[in-house]
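Asker: Spelled out from the first residue to the last, the chains are:
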Amino acid sequence: MPSIEDLPIKRKIIVFHCESALKGKDLENHKDKFPEVGFVKLSCTGRLNPVVAFKALVEGVGAIIIYGCPLNDCHNFDGNMFAKRRVFAAQSVAEALGVDPERLSYVQKDPLDYGVLTREISAMKRKLDSMGVEA
Amino acid sequence: MSPSKSYSPFKPLNFLINGTLGIFDVLKAGFESVNILNSLGSITFLLLFIQILTGFVLSFFYMPSLDQAQKSIMYIMSDKIPYGLFIRTLHRYAADAMILFAAAHMLRKLFAQRHTSTRSVGWFVGVALLVFTVLITITGYILPMDGRASEILKFFGRGQITEVALLVIYRAFHIGAPILVFALLVWHFARISRPPVIPTFALSLIFLGVLAVIVGLFPIAGKTDLKAGKYVFDWIGLFTIRLGSPTIAASAWGFLIAVLIALPFFGRKIKTAAVVDPVRCSGCFTCITLCPKNAITQKKFNISRNKTKDVAFVVRKKCQACGICVAGCLPQVIDLEGFENKVILEEVKGLCLQ
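Those protein sequence lines, which keep their order, are chains A and B. Each residue of the first sequence is one higher than the one before, starting from 0 at the first, in numbering that gives the first Met the number 0. Each residue of the second sequence is one higher than the one before, starting from 0 at the first, in numbering that gives the first Met the number 0.
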């Protein structure tokens, strides 16, 4: 059985986003701009089970971005705080398993800061380039 | 720990230097690091504090009686009170700035869609706060009992008012209403966890500096301001009066409030909730500690004819459908309608296969 370190990595990025942080025209623009990136809508980033993120990593996804609202601007009171904690725990577990923890990233931005997700996706692509991942 | 981070006798000084140097950080980074548009609400709160402090000082010298009011205001603006003119001008301009910043804060939250579903309570309270702010500002313009005050009173259909009426306006609307505003503010803040109530130190310094310069350069003119017809810039606080007739003003305000209250009802989501599978629930009640709305309670569930166990139960009315409990549930027995575990897993698998 191959270990998790030796699993093949595809040039694929998945964005788990909160439905109130990324929606409407903004979401459509991002989908048009990055056709190779998968967008998964959640009711809140606090809804994300890290097991699902690990499942995606095991399936060979290159990088995972969790995109939510700022810490003091959550629609659901504390969802993004739980998400932050869970992503932090998932990163330490990934490190222990031998997976690069930077493949999981957590971004908190205001819905009117349009450029942030674009920048993060480009940074992740550069990260995959430096890892030597090819399409 | 490096030795430089240990105790320093100049710690307050360090704080001040770091804080003032933070100004350059803000200027350099511009809208990148500290987004001033995110601090509009907290600047409004800072202005409320300025109003309370300056109003506290002014209330020592102001006399709420028909013949003494104007004289006492003149006394405040004379040289006998140090910085009297500055404090009164600050009190006037900060009120105008408060209305402007409150409106900007509302527009910002509206464009970011922060007024819908679970955040609508804060929006409704915010509308009430805007109305109160404008009301308090208008009563503030009546207090000096000058030409402008009689114009405002004529607008409300009262040529002359009694001594008691002035006292009521002063005590109830200019001192009592701000206390009510504080009560409403608690409600306004309570719906967000860790609300950014106070702006950053550097931003407060910049803002207060700009305000002080404006107040110092354009103080309220002494005697001319109190005569009818020669008013300084006042249309922000008194735009209701400047609209013309009371019917126009009343209909405009009614229309504005109706629109603002109706806005959260557009684009409302279908009400969904989390559902617990009582058969598989282990009864650890992690979800009860996680739920921010206290929507989960304990309930008895019959395993067999004479055997029961305690399971978690979601109160559908209280549930805001965020899914925090779904991700936190250890045996994975809670599911959220519309965002089911299976559906999300299938979606991720489908994306991986592409």
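Simulated from the structure, these hints should not be mistaken for lab results. Treat each hint with caution, since some may be false.
Listing some non-contacts, in silico: residues in chain A with all C-beta distances to chain B over 10 Å [stated by the list, open to error]: (1) I13; (2) K22; (3) R46; (4) N71; (5) D72; (6) H74; (7) M80; (8) F81; (9) E94; (10) G97; (11) S104; (12) T117; (13) D128; (14) M130.
Using 35 Å as the maximum straight-line C-alpha spacing, the simulated DSBU-like pairs for lysine-lysine come out as follows [what the hints assert, rightly or not]: (15) A:K24 / B:K341; (16) B:K292 / A:K126; (17) B:K298 / A:K124; (18) A:K30 / A:K83; (19) B:K341 / A:K108; (20) A:K32 / B:K306; (21) A:K32 / B:K308; (22) B:K108 / B:K79; (23) A:K24 / A:K126; (24) A:K9 / A:K83; (25) A:K40 / B:K298; (26) B:K268 / B:K316; (27) A:K83 / B:K299; (28) A:K54 / B:K292; (29) B:K70 / B:K108; (30) B:K298 / A:K108; (31) A:K83 / B:K79; (32) B:K70 / A:K108; (33) B:K70 / A:K40; (34) B:K298 / A:K30; (35) B:K299 / A:K24; (36) A:K124 / A:K30.
Heads up, the beta-carbon is just placed ideally off N, CA and C, and yes, glycines get one too.
Asker: All the hints need checking, so say for each whether the structure fits it.
Answerer: Checked hints:
1. I13: The assertion about I13 of chain A is violated, with a minimum of 6 Å to chain B.
2. K22: Violated, because the least Cβ-Cβ distance between K22 of chain A and chain B comes to about 8 Å, which does not exceed 10 Å.
3. R46: violated, 3 Å
4. N71: Check fails; 5 Å does not lie beyond 10 Å.
5. D72: violated, 7 Å
6. H74: violated, 5 Å
7. M80: violated, 7 Å
8. F81: violated, 5 Å
9. E94: The claim holds: E94 of chain A sits with its nearest Cβ about 21 Å from chain B, beyond 10 Å.
10. G97: holds, 20 Å
11. S104: holds, 17 Å
12. T117: Answer for T117 of chain A: holds, closest chain B Cβ roughly 15 Å.
13. D128: holds, 20 Å
14. M130: Per Cβ check, M130 of chain A is outside 10 Å of chain B; nearest 18 Å; holds.
15. A:K24 / B:K341: Holds, at about 27 Å.
16. B:K292 / A:K126: At roughly 39 Å apart (the allowed maximum being 35 Å), K126 of chain A and K292 of chain B break the hint.
17. B:K298 / A:K124: Judged against 35 Å, a Cα distance of about 49 Å means the pair is violated.
18. A:K30 / A:K83: Status holds; Cα separation ~25 Å.
19. B:K341 / A:K108: Satisfied, since the Cα-Cα distance of roughly 28 Å is no more than 35 Å.
20. A:K32 / B:K306: violated, 58 Å
21. A:K32 / B:K308: violated, 52 Å
22. B:K108 / B:K79: violated, 45 Å
23. A:K24 / A:K126: Cα-Cα ~28 Å, so holds.
24. A:K9 / A:K83: holds, 26 Å
25. A:K40 / B:K298: Holds, at roughly 32 Å.
26. B:K268 / B:K316: At roughly 14 Å apart (the allowed maximum being 35 Å), K316 of chain B and K268 of chain B satisfy the hint.
27. A:K83 / B:K299: The hint holds at about 34 Å.
28. A:K54 / B:K292: Roughly 30 Å between the alpha carbons, so the hint for K54 of chain A and K292 of chain B holds.
29. B:K70 / B:K108: violated, 43 Å
30. B:K298 / A:K108: The hint is violated at about 39 Å.
31. A:K83 / B:K79: violated, 58 Å
32. B:K70 / A:K108: violated, 53 Å
33. B:K70 / A:K40: Status violated; Cα separation ~65 Å.
34. B:K298 / A:K30: Given that 35 Å is the threshold and the Cα spacing comes to 44 Å, the pair is violated.
35. B:K299 / A:K24: With a Cα-Cα distance of about 47 Å, the restraint between K299 of chain B and K24 of chain A is violated, given a limit of 35 Å.
36. A:K124 / A:K30: Distance ~16 Å between K124 of chain A and K30 of chain A Cα, so the pair holds.
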